[in-house]
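Visitor: Listed below, chain by chain, are the residues.
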Amino acid sequence: MIRLRCLLLLLALPAIARADGQWVLERSTLAYHVSHPLHDTDGVSHAARGKAVCRSGECEVLVAAPVKSFDSGDSNRDLHMVQVVDGARYPLVSVRLRAPEAKDSAEIHCDLQIEFAGKTATYPQVPFTVTDEGGERRISGTIPAKLSDFGIPPPSLLAVPVKDDMPIRVDMVWKPA
Amino acid sequence: MTMKDFRKTLRKFVVAALFLTLAPVLRADSDEMRFLPSLQAALEPFADPGSQSAPPETPPPPETPPPEPSQPSLQDLGFTPEQQVGSVEKQALLDKRTRMLKIHQRLGLITIIPFVATLATAGGAKEHEGGSSQRNLHAALGLVTAAMYIATASYAIRAPKIEGMRTRGQIRWHKALAWVHGVGMVLTPILGAMARNQLDNGEKVHGIAKAHSTVAAITVAAYAAAIATVAIKF
Chain A
1 MIRLRCLLLL LALPAIARAD GQWVLERSTL AYHVSHPLHD TDGVSHAARG
51 KAVCRSGECE VLVAAPVKSF DSGDSNRDLH MVQVVDGARY PLVSVRLRAP
101 EAKDSAEIHC DLQIEFAGKT ATYPQVPFTV TDEGGERRIS GTIPAKLSDF
151 GIPPPSLLAV PVKDDMPIRV DMVWKPA
Chain B
1001 MTMKDFRKTL RKFVVAALFL TLAPVLRADS DEMRFLPSLQ AALEPFADPG
1051 SQSAPPETPP PPETPPPEPS QPSLQDLGFT PEQQVGSVEK QALLDKRTRM
1101 LKIHQRLGLI TIIPFVATLA TAGGAKEHEG GSSQRNLHAA LGLVTAAMYI
1151 ATASYAIRAP KIEGMRTRGQ IRWHKALAWV HGVGMVLTPI LGAMARNQLD
1201 NGEKVHGIAK AHSTVAAITV AAYAAAIATV AIKF
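Residue numbers (this note's numbering), protein chains in the order written: chain A, 1 to 177; chain B, 1001 to 1234.
Since the hints were derived computationally from the structure, they do not count as laboratory data.
Wrong hints could be hidden among the right ones.
Taking lysine-lysine pairs in the DSS-like style, the calculated list, with each CA pair at most 25 Å apart, reads [as the list claims (entries may be wrong)]: (1) B:K1210 <-> A:K119; (2) A:K68 <-> B:K1210; (3) B:K1126 <-> A:K68; (4) B:K1175 <-> B:K1102; (5) B:K1161 <-> A:K146; (6) B:K1102 <-> A:K163; (7) A:K68 <-> B:K1204; (8) A:K163 <-> A:K119; (9) A:K119 <-> B:K1175; (10) A:K175 <-> A:K119; (11) B:K1210 <-> B:K1161; (12) B:K1204 <-> B:K1090; (13) B:K1090 <-> B:K1102; (14) A:K163 <-> B:K1161; (15) A:K146 <-> B:K1175.
Where chain A lies over chain B, by a calculated footprint (3+ residues, C-beta under 8 Å) [what the hints assert, rightly or not]: (16) 1077-1085; (17) 1091-1103; (18) 1188-1194; (19) 1221-1232.
Anything over 12 Å on all C-beta distances counts as not near chain B; from chain A, calculated [said to hold, decoys possible]: (20) E115; (21) I143; (22) S148; (23) L157.
All figures in this text were calculated on a predicted structure; none of them were measured in a lab.
We treat Cβ as the ideally placed atom computed from N, Cα and C, and that holds for glycine.
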């Protein structure tokens, strides 16, 4: 009888240990913003891929996008951006975070870790809005990133550098895997 | 001033203009000079021992520790190892491109100075008003402008091209306008020299040479517009 119970327990272990659920990034918009006295620029990417593994009400999330996928509407500026952020050496920008698995619409705060330009920066308690959209989850917010967080020298136009602030607007729609 | 004196002065101006123009060119290309490896080898004994490390062939690994088994990885997202690994060679090409385009930008702005000076002296070079010395000054400034212009353009033309890159945005206007002011920069001095010859021979400026000032004005307008296309977002 004891052997049978042990066997049943062993068989049940993988089911207990298995993840509560997984989510994949369905579509997304990531946009960085840089500001120069002559004009402001937004570089947008829709090429991010993401996966979230949820366990006990908490999700481990990874989102990554190719650096060259950001489009500011000007090919020369985009190439310069890739150069200045060492995008050929470090072709991906990735974001890791741990977030509570929100059941309904809510505001959540996450600790983010961004790997970009060969450097890693941490952003504590970044607020995001979670919206339930018929089984899919929309997560949106803004990461208060700065060029100096990644040791990126501010690019200049006509000898005037851009501002250090580089907020990244995030709008992602996730679906259950 | 006789024609001989004029030629002598003109020659001095051309030499000075070439010197001014080529100085930054030579300095910028110095990192590509063939003697550099031998110079580095010669200086090696004097170098700081701590700094004698070979450049990395592959990018250094990221600072973050590897993800825990429960965390999703880049492979989980479908990124192949090739997509994750960067290229030092491609980065070097981008760096060189940016370096050359920065010099292009800087020289382009400096070229505005002789451009404006040439325009400012144009009034004094006209047939009814101008004396020989004023025409010489105008011609010399025009030559300095042309030399600076050629140096500026050469950096944009010689900058490495990136494969698979499709030109998008305002840079298209910048490139299109280069054809306008490029042709203008060839025609303007030719027409100017023709006009000058006619005046020196005691003739009124006639024929195609009459278009000198109009072509110059179009060239300046196209040049200013080309700068505006990269400086101002429309």
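Visitor: So, for every hint listed, does it hold in this structure?
Guide: Hints, verified against the model:
1. B:K1210 <-> A:K119: Between K1210 of chain B and K119 of chain A the Cα gap is close to 61 Å, so the pair fails against 25 Å, i.e. violated.
2. A:K68 <-> B:K1210: violated (51 Å)
3. B:K1126 <-> A:K68: violated (54 Å)
4. B:K1175 <-> B:K1102: holds (16 Å)
5. B:K1161 <-> A:K146: violated (30 Å)
6. B:K1102 <-> A:K163: It holds: about 19 Å lies between the C-alpha atoms, which stays within 25 Å.
7. A:K68 <-> B:K1204: violated (59 Å)
8. A:K163 <-> A:K119: Status holds; Cα separation ~19 Å.
9. A:K119 <-> B:K1175: violated (35 Å)
10. A:K175 <-> A:K119: Given pair K175 of chain A, K119 of chain A is violated - Cα atoms ~30 Å apart, limit 25 Å.
11. B:K1210 <-> B:K1161: violated (40 Å)
12. B:K1204 <-> B:K1090: Between K1204 of chain B and K1090 of chain B the Cα gap is close to 58 Å, so the pair fails against 25 Å, i.e. violated.
13. B:K1090 <-> B:K1102: Distance ~18 Å between K1090 of chain B and K1102 of chain B Cα, so the pair holds.
14. A:K163 <-> B:K1161: Violated, because 28 Å separates the two Cα atoms, which is more than 25 Å.
15. A:K146 <-> B:K1175: Not satisfied, since the Cα-Cα distance of roughly 32 Å exceeds 25 Å.
16. 1077-1085: holds (count 6)
17. 1091-1103: With 7 residues close enough to chain A, the hint holds.
18. 1188-1194: Violated - the segment 1188-1194 of chain B has 0 residues with a Cβ nearer than 8 Å to chain A, which falls short of three.
19. 1221-1232: Since 3 is at least three, the answer is holds.
20. E115: violated (5 Å)
21. I143: holds (17 Å)
22. S148: holds (16 Å)
23. L157: violated (7 Å)
This entry does not satisfy hints 1, 2, 3, 5, 7, 9, 10, 11, 12, 14, 15, 18, 20 and 23, going by the numbered hints stated previously.
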